[in-house]
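Here is how the chains run, residue by residue.
2 protein chains.
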Amino acid sequence: MNIIKTTAELYSDYQSKMEKIADVRNAIAVLGWDQETYLPGKGAAIRGQQITTLSTIAHELFTDAQLGDTLQALQSREDLTATQKKNVALSLEDYEKNKKYPAAFVAALSQTTSDCYHAWMKARKENSYAVFEPLLEKMVQLKKEETHILGYTGHPYNALLNEYEKGINIQTLDTVFADVKTSLSPLLQAIAAKPKPNNAFLQQHYPKDAQWQYGLKLLKEMGFDFEAGRQDLSEHPFTTSFNPHDVRVTTRVDEQDFSNMTWSCIHEGGHALYEQGLLISEYGLPCGEAASLGIHESQSRLWENNVGRGLAYWQYNYPALQKEFANNLSNVSLEEFYHAINLVQPSLQRTEADELTYHFHVMIRYEIEKGLIEGSVSTKDLNHTWNQYYKQYLNVDVPNDGAGVLQDIHWSHGSFGYFPTYSLGSFYAAQFYAAAQRQMKDLSQNIATGDYHALLQWLRNNIHVHGRFYTSNELCEKVTGEPLNFKYFMDYAQAKYAGIYGI
Amino acid sequence: MNIIKTTAELYSDYQSKMEKIADVRNAIAVLGWDQETYLPGKGAAIRGQQITTLSTIAHELFTDAQLGDTLQALQSREDLTATQKKNVALSLEDYEKNKKYPAAFVAALSQTTSDCYHAWMKARKENSYAVFEPLLEKMVQLKKEETHILGYTGHPYNALLNEYEKGINIQTLDTVFADVKTSLSPLLQAIAAKPKPNNAFLQQHYPKDAQWQYGLKLLKEMGFDFEAGRQDLSEHPFTTSFNPHDVRVTTRVDEQDFSNMTWSCIHEGGHALYEQGLLISEYGLPCGEAASLGIHESQSRLWENNVGRGLAYWQYNYPALQKEFANNLSNVSLEEFYHAINLVQPSLQRTEADELTYHFHVMIRYEIEKGLIEGSVSTKDLNHTWNQYYKQYLNVDVPNDGAGVLQDIHWSHGSFGYFPTYSLGSFYAAQFYAAAQRQMKDLSQNIATGDYHALLQWLRNNIHVHGRFYTSNELCEKVTGEPLNFKYFMDYAQAKYAGIYGI
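Chains as they are written, first to last, in the numbering used here: chain P, 206 to 708; chain C, 206 to 708.
Mixed in with the good hints there might be a few duds.
Because identical chains cannot be distinguished in the list, a pair is counted as satisfied if it fits within a single copy or across any two copies.
Computed cross-link-like contacts, DSSO-like style, restricted to lysine-lysine with a CA-CA straight-line distance of at most 30 Å [claimed, not checked]:
#1 LYS425 / LYS247
#2 LYS247 / LYS222
#3 LYS413 / LYS528
#4 LYS305 / LYS222
#5 LYS247 / LYS422
The set of hints was computed from the structure by calculation and includes no laboratory data.
Okay, chain P solo, but in the shape it has when bound:
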């Protein structure tokens, strides 16, 4: 006799399978965290193997036909809550997408990714794009193939964009980046015509331990829960989460550059607050996961820029900072400090760009990726294409491939469609922050007294608790009353930089 399971039984089957998969994936995340923080040099090879083994296991668990059957059965049940219904729908979507990939493609992509990464490393070492090009070409071919596997409406690049930001397409991005060009460029020109603020005092000796302690203090004040997370050092700062009760950030400390640690700390802190704000009751399920990369980045950028590079933030924090680093800052006024940390200057490196020119770095990558996928841009001479773009949009000359087309790891990993989420994050952040300001009249005043509680609660209630329940578009409309609108970023930038530069 074939006993029909109740919805509660089925859902429980589904949930326990998903938790098991999450356990394996989070174990991989622990191995990855350790790899970037504490792993001794010789341990790298077998660590790579261990991660591959667990990844294979996680993949096997998530392609298990029983899971598919359970999801299919649940889909037709009427007595699910809205959250349960959403979890089932999203898991089924993930499951079916996962099953679209032919084994041969997965194997080829895995091999090419490994080869491509090593070629990129070698190319950087030798400062020569030519070393990277053949593998990048192979990767682009595979990515084109992937667009057919995944399917798409309109432009093939949409398929890849959707992998990182569901619902986004080139129409939206073309509009957004057209706005960037038409609105942001004049502001940048106006800024360029003004004298540069002095920021030399940020590049003095700031002792390591004092910086480290200062970073911890900022995180604590933001609301980062050190009982549910920690900070460590790594070469490149990152945030990783093993569940909302164990979220880890890393930072780096450059004794000759105070900015390096400080805003990476606030940035990662913003990511971490999002992860700590996800519901542990939804552990392993879509509604317990972040909405998208763009929304994730909105949280880090909101804290880093809208809050952490704002005047109100430093009205509160600067006196203590000045005291802590009296050698460097005792003769620097709050206004001078505020201007210095908001210096706008076109540069070569995306990761070191200010919050305005940053979006030209992203736009260049977006244009190149779109072109590579549709075939209008070739990997041949991509270094020259890159350099032309940098001249055109940022008016900087790229001295060599290492400082140019080879600067990011993303393409060597096969991450095409990822870059735009960085800009989307900033634009969502500005739009969210404007909504928060409308809804909390004393927000700036709170921040000027070091009280971020209301802001964090607002982010928790409006964004964090929802997980993947809403797509980024839906979430944006729900929280701000309208779809993504570049105007909010532009208004923010205009008001802030007009003040700083006296425009």
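Using the hints, position chain C against chain P.
Positioned in the frame of chain P, the structure of chain C alone reads:
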């Protein structure tokens, strides 16, 4: 058509399966290491769940019938190397033992272990054995059942002893502990009649950072490879290995007690050198694993006691130590220091015992375990039984259950048969060290100049590289020319302590 695989193909199937299992088990070890070193408080619950999930996966992989078939097929192949043959034989033995356990027993043991551990924690908090007793009783019943599942020759306790030290039985242990009583007791009495060396200077303020740095220095000098391992802090010192290229030790630092960090560091260093000395080419296979717990402990004890509490060791190290901690040691001579670190004094706590009285602590646990399993000792009033033993063998009065029968975690974990390996370790260590001294005439002289290279090479060649190829008995005979013989420990103790105490 059924294609018969070549031996090389079969062995490769076997090896890749075992490597995969090792990857999962080592991932569990990473999660465990992180749990003891860096895990934030709230992360504990889901970490436990993650470890359980991976343990289940490792268990499933190791009970896979295909693995059994491959092992069976390999067993009849003639064209295996001696090492391959041994790997296959040991894996098959492990595999078949694993399969002996009925699922119901595994579930009951798992549940009881969890309950028993929590009861033990509660009992310690309330300082009351009565809280622990019912669960301990249940655990003992399950352990009795396990002896029948595993099967045994002679005494049922042999089945459990073999889980930790293959080939050992109560005949050997009864002989060894009879020797402990007849030979060691008179020495202890002679020592007790002499004035106690002053060791108060060890319990002064030794700054944390300086101690930590000193521990790292000792590890480095021993030959610990920091490119293939690291040291961190934890509440209880331990060694864990994820493969020979990633071996981690932990220590603790008590600012009021120099001994605490120093000898735990050398002890764990000894364990770690063993793990770093296993063959990475045998990763995942029995010949890439440690021979037994007793042999593992022989490595830690050899470094901790035979080397690290020896006069030669401090002839080299003391001048620098004295300089580093001048506040504490500038007026303490090498001889006074050497006497202080070898203070013999019966005490309540096994983990704090000196290297002589230590074995009475182990003997008491051995007698109790043997009695519990054969039924001649009852869990009822076991605290009183314990206290009587401590009075009888160590002449100390146990003030309460926490300082007595509740002091060790082992029984709450179901680890019956584990304790004897601690003593075996010391006895093997003395026997190995005597052999090393016979074979390397200038060993003491080398140590007195801070050169441990030859000793480490000797341990590598004679012990580490063999992995589980030999049982501890076989290894002992091979390395020293005879089976385990308590005489070597006694000779070592007699010579050393006669000198120190002027007996």
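At most 30 Å between CA atoms: does that hold for LYS247 and LYS422 within a copy, between copies, both, or neither?
Answer is between: at 20 Å across copies they meet the 30 Å cutoff, but 34 Å inside does not.
Since the copies are identical, ignore which copy is meant and state whether LYS247 and LYS222 lie within 30 Å (CA to CA) inside a copy, between copies, both or neither.
The answer is between: 23 Å across copies meets 30 Å, while 35 Å in one copy does not.
At most 30 Å between alpha carbons: which applies to LYS425 and LYS247, within, between, both or neither?
Classified as between: cross-chain Cα gap 16 Å, same-chain 35 Å, threshold 30 Å.
Is the C-alpha distance from LYS305 to LYS222 at most 30 Å within one copy, between copies, in both cases, or in neither?
Result: close both inside a copy and across copies, 21 Å intra and 28 Å inter.
30 Å Cα threshold - placement of LYS528 relative to LYS413:
both (16 Å within a copy, 28 Å between copies)
Checked against the numbered hints above, the structure breaks none of them.
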